[in-house]
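Protein chains in written order, with our numbering: chain A, 429 to 857; chain B, 429 to 857.
FYI, nobody ran anything at the bench for these hints, they're computed from the structure.
You may find that some hints are simply not true.
Pairs involving identical chains hold if they fit within one copy or between any two copies, as the list cannot separate such chains.
[Said to hold, decoys possible] Straight-line C-alpha distance at most 25 Å; calculated SDA-like pairs for lysine to any residue:
hint, residue 1, residue 2
1, K470, D456
2, K764, S824
3, K765, L837
4, K460, E825
5, K531, D855
6, K515, I724
7, K726, D457
8, K840, E713
9, K470, L458
10, K504, L719
11, K504, E433
12, K531, L548
13, K840, P549
14, K482, A562
15, K531, P549
16, K531, R546
17, K470, L650
18, K677, K833
As the structure is a computational prediction, the values presented were derived from the model and not from experiment.
There are 2 protein chains.
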Amino acid sequence: MEWIEVPEKGLTLREVRTMTNRNVNLSDDLEKSVSAILAQVKEGGDEAIRALTKKFDGVDLTDFRVSESEIEEAVKAVGPEFLAVLKEAKGNIEAFHREQVRKSWSKTFRDGVELGERFLPIQRVGVYVPGGRAAYPSTVLMDTVPAMVAGCPSVAMATPPGKDGKVNPNILAAAYVAGVKEIYKVGGAQGIGMLAYGTETVEPVFKIVGPGNAFVAMAKRLVFGTVGIDMIAGPSEVCCVADGSANPKWIAADLLSQAEHDPRAAVFLITPDKDFGLAVQKEMEKQMKELSRYEIMKSSVDQYAKAFLCKDAEQCFDIVNKIAPEHLEVELPDPKKYLPLIYNAGAIFLGKYTSEPIGDYMAGPNHTLPTSGTAAFSSPLGVYDFVKHSSVECYSEEAFRKISKKVQLFAKAEGLTAHAHAMEVRDED
Amino acid sequence: MEWIEVPEKGLTLREVRTMTNRNVNLSDDLEKSVSAILAQVKEGGDEAIRALTKKFDGVDLTDFRVSESEIEEAVKAVGPEFLAVLKEAKGNIEAFHREQVRKSWSKTFRDGVELGERFLPIQRVGVYVPGGRAAYPSTVLMDTVPAMVAGCPSVAMATPPGKDGKVNPNILAAAYVAGVKEIYKVGGAQGIGMLAYGTETVEPVFKIVGPGNAFVAMAKRLVFGTVGIDMIAGPSEVCCVADGSANPKWIAADLLSQAEHDPRAAVFLITPDKDFGLAVQKEMEKQMKELSRYEIMKSSVDQYAKAFLCKDAEQCFDIVNKIAPEHLEVELPDPKKYLPLIYNAGAIFLGKYTSEPIGDYMAGPNHTLPTSGTAAFSSPLGVYDFVKHSSVECYSEEAFRKISKKVQLFAKAEGLTAHAHAMEVRDED
């Protein structure tokens, strides 16, 4: 863990960005390969999907849709205990996300002028779920439950098959609990292409959400515009603001829980207390050795862990705002009082018992969060990502007569005479 | 105008997309040029901005920030009548957009579990405003008033200088009315680069909104991730559903008001009444010749205007939903009753006096709308584009003890033992 002693006057945004940057430039080669895969899917449809699945996943699938009996088998395979936990998590996610539902509205603003907004779910959405080591049933719940709460009438999922041509049972069980029934064993860029363009047997979707490897991320970037996308997720990160009142053992465990995600994950400790920080560092080194994903944590911590030593709480949160972390733990006495100092963070965990993994699984708020500083301008995944609205405008004849000349003046100032003319023809008649 | 007789069974999404497609593939060459400009700005800062402005705009600017006296001059130059219209428009936009403000909230969901969302304005945003023929003061209001309503503490505008080194006075007057004071005479990809990366004298922003030419659109696409962006706007389009009860002269005028924007603008007439449609077509041909932007309208109508002849209202709106138009006029008797049939549209204009240009200027809802079918998954620009939120989570000790084992079970199912360990250390102590 690298130590940074923050100077009296603080650090600038640019300095903090340089210190915490993990942006990996996406290569031109990757773009070319992914473009070629997408073009093949667009042209070749189902046949291309089969060929690409054989090539990349090593399995020959005639039917790439997951059958009902495969889902039933998976539900049995995971067992009742895990199924109960999945259901409890789903219930908590649903309860929280219900608060995000917005209602259509309409209002008279001026005489004869009725304006409003009509909210509707996106009519068909796609969810990508990674396979292999990063096949997380929690992400299935986090990415599909908001779509269900939004009322999306059609949700399709794409996820890569294993060598045996099957999908990880945890993934299928989570989809079952969420109520998703249309699942395809198609991964990588071909999975994104299938959802974006559709094939003979798969209807295209209007928006794709969900994380994935570099191929998936590039494919989402390239289909953006044809469909909507949620975000391009970077490696995970956690930032913990704590002082001597916190337990170094607990803080170390929380930091390591992010580090185990990815060798490029980053953990930031921000503290006004150097002795405390050193105790956390010592605990991290100790605990890491006792945990199963040692190599990943070691690589993450060696490359990207930083401890910022600050003069006071204000300076701590100034650094936080410049990092704009995905996850922020505030482990100071009376943590709520620091909320007004926090401008940029994906999710904020207050107090010593709100360990970040609770939010990953059971609390209810979404765990799909803006990474790499994008919390400065974006929000957790939510119901609003599966809803769009139209504005609705209605002018009476009198209201039209009142505004017509002003619209004409404005349109003519912009040189748009046909705009003015649409008013004039109504004025004349 | 091309006529399409919709068959009894309707048209598929893919068929409608093919008929209405105007997607122009962005060239690799453009990407290379724009990447080079962005890299130059990132490296060279203010000096690069000056060099690129000299190269592309043909003016040599020492100071590229618009001065207070330039703004004052512009306000004088536009005259009191136009200034009053700008102010009225701004008031209407503000009133509508205030309805979009969301409040932070917090709630106890289960014993000892407090969850909520904290909404905050994006701390610094950039607005791009095109110059030349597409220098629209209405767009300045539409893109900045929502930022002001959101409470963004810092708003910077970039717009290209004319050959005389000055900014169009209409643009400056609109910025003045909106309350924007930080304006730079920097256009094109260099304007986007300046906002995204910052320079010695310009602080970087976190999000960039606003339309622009192909260079600007590509630059926004490339800086997406470093900053947020609103959308990649395509050419404008309007769709009008009308029957014999409407006035063909008015409908023709409305359709032409979109066609005058751009040779790639598209107008769609959807009607169950062929005679009425032919009368509209005749009126369009007649009116076009009498209007100043004939060449643009002619090109748009010849290439992209389509009339869909449908059997009934249901079929009309099925086509609408598959087009997902930016603007939709419903000019049928009792237009409100068709709202439940409309799933995809940027803005909906109801009734014969709600001519679309009213919405462009004076009604209040935003005129920055999703184009090219993206209304199927996105919404008008609004206050929510200038706000982001953090979720806030707080567990009591008791609530932690209740959930800890379930989090551990879930984490272990995903192979994330360090996540489980963060629970265990708290259970043990």
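To see whether the hints hold, each was checked on the structure:
When the C-alpha separation of K470 and D456 is checked against a cutoff of 25 Å, the pair qualifies both within a copy, at 21 Å, and between copies, at 20 Å. In this homomeric assembly, K764 and S824 come within 25 Å of each other (Cα to Cα) only across copies, at 13 Å, whereas the closest approach inside a single copy is 50 Å. Proximity of K765 to L837 under the C-alpha cut-off of 25 Å is found in neither arrangement, the shortest distances being 52 Å within a copy and 33 Å between copies. Taking the shortest Cα distances, K460 and E825 never come within 25 Å of each other, neither inside one copy (56 Å) nor across copies (52 Å).
Within a single copy, K531 and D855 get their C-alpha atoms no closer than 36 Å, and across copies no closer than 42 Å, so neither meets the 25 Å cut-off. With identical chains, the CA atoms of K515 and I724 are never at most 25 Å apart, being 30 Å at best within one copy and 58 Å at best between copies. Taking the closest pair of Cα atoms, K726 and D457 never come within 25 Å of each other, the shortest separation being 30 Å inside a single copy and 42 Å across copies. For a Cα distance limit of 25 Å, the shortest separation of K840 from E713 across copies, 22 Å, qualifies, whereas the shortest one inside one copy, 70 Å, does not.
With identical chains, the CA atoms of K470 and L458 are at most 25 Å apart both within one copy (18 Å) and between copies (24 Å). Taking identical chains as interchangeable, the C-alpha atoms of K504 and L719 are never at most 25 Å apart, the minima being 30 Å within one chain and 71 Å between chains. For a Cα distance limit of 25 Å, the shortest separation of K504 from E433 qualifies neither inside one copy, at 54 Å, nor across copies, at 52 Å. For a Cα distance limit of 25 Å, the shortest separation of K531 from L548 qualifies both inside one copy, at 9 Å, and across copies, at 21 Å.
Neither within a single protomer nor between protomers do K840 and P549 lie at most 25 Å apart by alpha-carbon distance, with minima of 38 Å and 34 Å respectively. Proximity of K482 to A562 under the C-alpha cut-off of 25 Å is restricted to the intra-copy arrangement: shortest distance 21 Å within a copy versus 50 Å between copies. Within a single copy, K531 and P549 get their C-alpha atoms as close as 11 Å, and across copies as close as 22 Å, so both meet the 25 Å cut-off. With identical chains, the CA atoms of K531 and R546 are at most 25 Å apart both within one copy (8 Å) and between copies (20 Å).
For a Cα distance limit of 25 Å, the shortest separation of K470 from L650 qualifies both inside one copy, at 13 Å, and across copies, at 24 Å. Proximity of K677 to K833 under the C-alpha cut-off of 25 Å is restricted to the inter-copy arrangement: shortest distance 19 Å between copies versus 71 Å within a copy.
In terms of the numbered hints stated before, the structure departs from hints 3, 4, 5, 6, 7, 10, 11, 13, listed from lowest to highest.
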